[in-house]
Amino acid sequence: MLGTVQTIAEAVDWLSYSFLYVRMLQNPKLYGIFDPEKTLKENPTLKRRRLDLAHTAACLLEKSHLIRYDRKSGALQPTPMGRISSQFYMSHTSMALYGRQLRPNMT
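The sequence shown lines up with residues 16 to 122 when you count with this note's numbering.
There's no promise every hint is true.
[Unchecked claim] Now the in silico label distances, taken between C-beta atoms and shown as ranges:
1) 25 with 78: 33 to 39 Å
2) 52 with 104: 36 to 42 Å
3) 95 with 49: 24 to 30 Å
4) 114 with 47: 25 to 31 Å
5) 88 with 58: 19 to 25 Å
6) 50 with 71: 33 to 39 Å
[What the hints assert, rightly or not] SDA-like mimics (lysine to any residue), calculated; alpha carbons at most 25 Å apart, straight line:
7) 78 with 60
8) 62 with 32
9) 62 with 88
10) 44 with 59
11) 53 with 83
12) 62 with 75
13) 78 with 53
14) 78 with 44
15) 44 with 19
16) 44 with 21
17) 87 with 53
18) 78 with 59
19) 44 with 77
20) 44 with 56
21) 62 with 42
22) 87 with 42
23) 87 with 75
24) 62 with 74
Keep in mind that the hints were calculated from the coordinates and are not lab data. For each residue, glycine too, the CB sits at the ideal point set by N, CA and C.
The task is simple: from the sequences and hints, build the whole structure.
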């Protein structure tokens, strides 16, 4: 996350341009959308599902200390570890492990 997405609302919007979104519309059951006829009728753009995905991802990244997530405003701010992870395409699980092993007095 190098400044592209700065809020949950922007993440939801960004997801609408992704291949995942196209696939969710074409095969909703595969992507955890049960009762697709009702869901697509009530929410044709799957905005609630995209919001859920963005919130879940933000919580996971926050737990791994890669971002700061203000749930009230929806603001997302990368941490130094998050910037490293994004720059070098490292998974959040690898970065969480590195974060646990790093000590303040290490040189």
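Now for the hints, and whether the structure bears them out:
At roughly 21 Å, the beta-carbon separation of residue 25 and residue 78 lies outside the given 33 to 39 Å, and the hint is violated. Taken as a hint, the range 36 to 42 Å holds for the pair residue 52 and residue 104, whose Cβ atoms sit roughly 38 Å apart. Remark: the range hint 24 to 30 Å for residue 95 to residue 49 is contradicted by a beta-carbon distance near 40 Å. Against the hinted window of 25 to 31 Å, the Cβ-Cβ separation of residue 114 and residue 47 comes to about 29 Å, which satisfies the hint.
At roughly 24 Å, the beta carbons of residue 88 and residue 58 sit within the given window of 19 to 25 Å. Between residue 50 and residue 71 the C-beta distance comes to about 20 Å, which lies outside the given range of 33 to 39 Å. As the CA atoms of residue 78 and residue 60 are separated by approximately 29 Å, the hinted pair breaks the 25 Å bound. As the CA atoms of residue 62 and residue 32 are separated by approximately 12 Å, the hinted pair is consistent with the 25 Å bound.
Among the hinted pairs, residue 62 with residue 88 is consistent with the structure: their alpha-carbon atoms are about 18 Å apart, no more than 25 Å. In summary, the hint linking residue 44 to residue 59 is supported, as the alpha carbons are separated by about 15 Å, within the 25 Å threshold. The suggested pairing of residue 53 with residue 83 is violated, with an alpha-carbon distance near 35 Å, which exceeds 25 Å. A hinted pair counts as satisfied when its Cα atoms are at most 25 Å apart, and residue 62 with residue 75 qualifies at roughly 20 Å.
Proximity of residue 78 to residue 53 is assessed by CA-CA distance (about 33 Å); at most 25 Å being required, the pair is judged violated. With a C-alpha separation of about 28 Å, the suggested pair residue 78 and residue 44 falls outside the 25 Å cut-off, and the hint is violated. The hinted pair formed by residue 44 and residue 19 fails the criterion: a straight-line CA distance of about 30 Å is larger than 25 Å. Our distance criterion of 25 Å between C-alpha atoms is broken by residue 44 and residue 21, whose separation comes to about 30 Å.
For the given pair, residue 87 sits about 30 Å from residue 53 by alpha-carbon distance, which is inconsistent with the 25 Å threshold. Annotation: proposed proximity of residue 78 to residue 59 is violated, straight-line Cα distance about 31 Å (limit 25 Å). Restraint check for residue 44 and residue 77: not satisfied, since their Cα atoms lie roughly 28 Å apart, outside the 25 Å limit. Proximity of residue 44 to residue 56 is assessed by CA-CA distance (about 15 Å); at most 25 Å being required, the pair is judged to hold.
Taken as a hint, the residue 62 and residue 42 pair is honoured in the structure, with Cα atoms around 16 Å apart against an allowance of 25 Å. Straight-line distance between C-alpha atoms of residue 87 and residue 42 comes to about 32 Å, which puts the hinted pair past the 25 Å bound. Simply put, residue 87 and residue 75 have alpha-carbon atoms about 17 Å apart, close enough for the 25 Å limit, and the pair holds. Between residue 62 and residue 74 the CA atoms are separated by roughly 18 Å; this keeps the pair inside 25 Å, and the hint holds.
Violated hints, listed in ascending order, are 1, 3, 6, 7, 11, 13, 14, 15, 16, 17, 18, 19 and 22; each of the other numbered hints is respected by the structure.
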